[in-house]
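A.B. asks: Sequence:
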Amino acid sequence: MSRVVACSATMALAASLAACGSGSGGGSSDDGKIHVLVYGDAANKVEKQIVETFNKTSKVKAVLDTIPGADYQKKLQTIINTPQAPDVFFNWGGGSIKPFVKADLLLPLDDFIKKNPDLEKKFLPSVFDNAVVDGKPYGIPMRGTQPVLLFHNKKVLEEAGVQPPKTWDELLDAVEKLKDAGVTPIALGGGDVWPTQMWFQYLYDRIAGPELFAKAIGGDKSAWESPESKKALDMIRELVKADAFGKNYDSVKYTNGGSVQLVASGKAGFELMGSWYYSQQLTDHPDFAEKDLGYTAFPAVEGGKGDPANVAGNTNNYYSVMKKTKHPEAVAEFLKLMYSDDFVKAQLDIGNLPTTTDTGKFIDGSGTPEYSRFQYDLVADAPSFQLSWDQAYPQKASSDMHKAIQQFFNGQLDTDGFIKAMQALPTE
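Residue numbers (my numbering): 1 to 428.
FYI, nobody ran anything at the bench for these hints, they're computed from the structure.
There may be inaccurate statements among the hints.
[Stated by the list, open to error] Think about it this way: if two alpha-carbon atoms lie no more than 27 angstroms apart in a straight line, the pair counts; the simulated BS3-like pairs of lysine-lysine are:
(1) K403 with K241
(2) K155 with K59
(3) K231 with K241
(4) K323 with K48
(5) K267 with K166
(6) K326 with K136
(7) K177 with K231
(8) K324 with K396
(9) K221 with K102
(10) K241 with K305
(11) K361 with K121
(12) K166 with K154
(13) K45 with K155
(14) K336 with K136
(15) K221 with K305
(16) K345 with K61
(17) K102 with K215
(18) K231 with K61
(19) K345 with K45
(20) K326 with K345
(21) K114 with K336
(22) K45 with K74
(23) K241 with K48
(24) K154 with K179
(25) K56 with K115
(26) K247 with K179
(27) K396 with K215
(28) K361 with K45
(29) K74 with K102
(30) K48 with K74
(31) K48 with K121
(32) K155 with K267
(33) K155 with K179
(34) K154 with K136
(35) K56 with K45
Keep in mind that this is a model prediction, so the values were computed, not measured.
With the sequences and hints as input, model every part of the structure.
C.D. replies: Quick look at the structure:
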């Protein structure tokens, strides 16, 4: 799961980069190298491999710097306009880079793409476009896509006489049947709040289409008080009142494995979660994951404007480039490796699903071909891939957004209160 990590906040900034990474300096300190700053986790195995591949042929060498811990974005913002800034850095696209674009810190990648159109053409458009800001591209996809899927316990559903729902009405029917069977219909890590947000972003998309959220994130606050917005909120309220999530969802967390355990143990039927859920279940409950873990797309909403093929989630991670880099030509060569065969195969081997246009031909040889194929086809066929709300909005909006979502879900905020809270969020 791509949640942000970083070094201890008590470390001095320069020291933290030296300790956590594999080099010093940065894009503004011309040490003859390009510094690539990434989120430190197990996926660094591939990033180290790609840096080694690049360094075999490049005069200008690349250095991989990693920041493990709990505040990658916070530290990135601290160094982004200092001599310690990297040449290239990991991000989530969308709102995570908008402030840097506004501050004129990032290099638009138009010229790179003019010289090498494959930097755009080799990636799925719905993913590539999430790092386009004000009409200009500022990021190249790296790692893999993370669509949000509706997972389920096959055995629990079968015993309750339930099929994976294709429509909202079928989901409501499944909720009643699962309750009758003595099972919590839908596991929810409400204690983390961000899993609750997933229900909002999908229902808004299914009812209003991607245009409503695009207007809202673009600064048009009237979008939140539209009839479609109110209908989505009514449907969320209906689901909560039906006890679809049980009574104790706010004391359950995904991050400590609580909601994962509910589904694996047969105490819950469904869970809406990012595609990393499969590997999480495989790690925590391997027997269940291999035999009884099922998955499907989010249900369609009858009469909704949103295409049922639309997807929401974390579209990908991206590499963006600092305008101050002393080695743009070397950086452009480095970015080419993000669509190389070696990169795609290495990412698939660790469970990530790259979003290159030719990823499909490597899937059958991966460790989880059926699951990888389902994800890939889902994303490849999606007319729209809505970036998770808390990644699309600037980081400073996340806390207030999560508070509004949790309070509406719990009945502490009414519809008007939720709308006002969302209208108050900063979009830049």
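A.B. asks: State for each hint whether it applies.
C.D. replies: Hints, one by one, checked against the model:
Distance check on the hinted pair: K403 and K241 sit about 19 angstroms apart at the alpha-carbon level, within 27 angstroms; holds. Only pairs whose Cα atoms come within 27 angstroms are accepted, and K155 paired with K59 is rejected, the gap being roughly 57 angstroms. For the proposed pair K231 and K241, the alpha carbon gap of about 15 angstroms is at most 27 angstroms, so the pair holds. At most 27 angstroms may separate the alpha-carbon atoms for a hinted pair to count; K323 and K48 meet this at roughly 24 angstroms.
Distance check on the hinted pair: K267 and K166 sit about 22 angstroms apart at the alpha-carbon level, within 27 angstroms; holds. Proximity of K326 to K136 is assessed by CA-CA distance (about 21 angstroms); at most 27 angstroms being required, the pair is judged to hold. Proposed proximity of K177 and K231 is supported: the alpha carbons are some 25 angstroms apart, at most 27 angstroms. In summary, the hint linking K324 to K396 is supported, as the alpha carbons are separated by about 25 angstroms, within the 27 angstroms threshold.
Only pairs whose Cα atoms come within 27 angstroms are accepted, and K221 paired with K102 is accepted, the gap being roughly 20 angstroms. For the proposed pair K241 and K305, the alpha carbon gap of about 25 angstroms is at most 27 angstroms, so the pair holds. At roughly 17 angstroms between alpha-carbon atoms, K361 and K121 fall within 27 angstroms of each other, so this suggested pair holds. With a C-alpha separation of about 15 angstroms, the suggested pair K166 and K154 falls inside the 27 angstroms cut-off, and the hint holds.
Of the pairs offered as hints, the one joining K45 and K155 is violated, with about 36 angstroms between alpha carbons and a cut-off of 27 angstroms exceeded. The hinted pair formed by K336 and K136 meets the criterion: a straight-line CA distance of about 19 angstroms does not exceed 27 angstroms. This hinted pair checks out: K221 and K305 have alpha carbons roughly 20 angstroms apart, not beyond 27 angstroms. For the proposed pair K345 and K61, the alpha carbon gap of about 23 angstroms is at most 27 angstroms, so the pair holds.
A C-alpha spacing of about 19 angstroms is found between K102 and K215, which places the hinted pair at or below 27 angstroms, so the restraint holds. For the given pair, K231 sits about 54 angstroms from K61 by alpha-carbon distance, which is inconsistent with the 27 angstroms threshold. Our distance criterion of 27 angstroms between C-alpha atoms is met by K345 and K45, whose separation comes to about 13 angstroms. For the suggested pair K326 and K345, the alpha carbons sit about 31 angstroms apart, so the restraint of at most 27 angstroms is broken.
Taking the CA atoms of K114 and K336, the gap is near 13 angstroms; set against the 27 angstroms cutoff, the hint holds. This hinted pair checks out: K45 and K74 have alpha carbons roughly 24 angstroms apart, not beyond 27 angstroms. Distance restraint check for K241 and K48: the Cα-Cα separation of roughly 49 angstroms exceeds the 27 angstroms cut-off, and the hinted pair is therefore not satisfied. Restraint check for K154 and K179: the C-alpha separation of about 16 angstroms stays at or below 27 angstroms, so the hint holds.
Between K56 and K115 the alpha-carbon distance is near 23 angstroms, which keeps this suggested pair within the 27 angstroms criterion. This hinted pair checks out: K247 and K179 have alpha carbons roughly 12 angstroms apart, not beyond 27 angstroms. With a C-alpha separation of about 19 angstroms, the suggested pair K396 and K215 falls inside the 27 angstroms cut-off, and the hint holds. For the hint pairing K361 with K45, the CA-to-CA distance comes to about 22 angstroms; that is within 27 angstroms, so the pair holds.
With a C-alpha separation of about 17 angstroms, the suggested pairing of K74 with K102 holds against the 27 angstroms cut-off. For the suggested pair K48 and K74, the alpha carbons sit about 23 angstroms apart, so the restraint of at most 27 angstroms is met. Of the supplied pair hints, the one linking K48 and K121 holds, its CA atoms being roughly 25 angstroms apart against a limit of 27 angstroms. Note on K155 and K267: the hinted pairing holds, with a Cα-Cα distance of about 11 angstroms set against a maximum of 27 angstroms.
A distance of roughly 15 angstroms separates the Cα atoms of K155 and K179; the hinted pair therefore holds under the 27 angstroms criterion. For the hint linking K154 to K136, the alpha-carbon distance of about 44 angstroms lies beyond 27 angstroms, and the restraint is violated. For the proposed pair K56 and K45, the alpha carbon gap of about 17 angstroms is at most 27 angstroms, so the pair holds.
Of the hints listed earlier, those the structure fails to meet are numbers 2, 13, 18, 20, 23, 34, in rising order.
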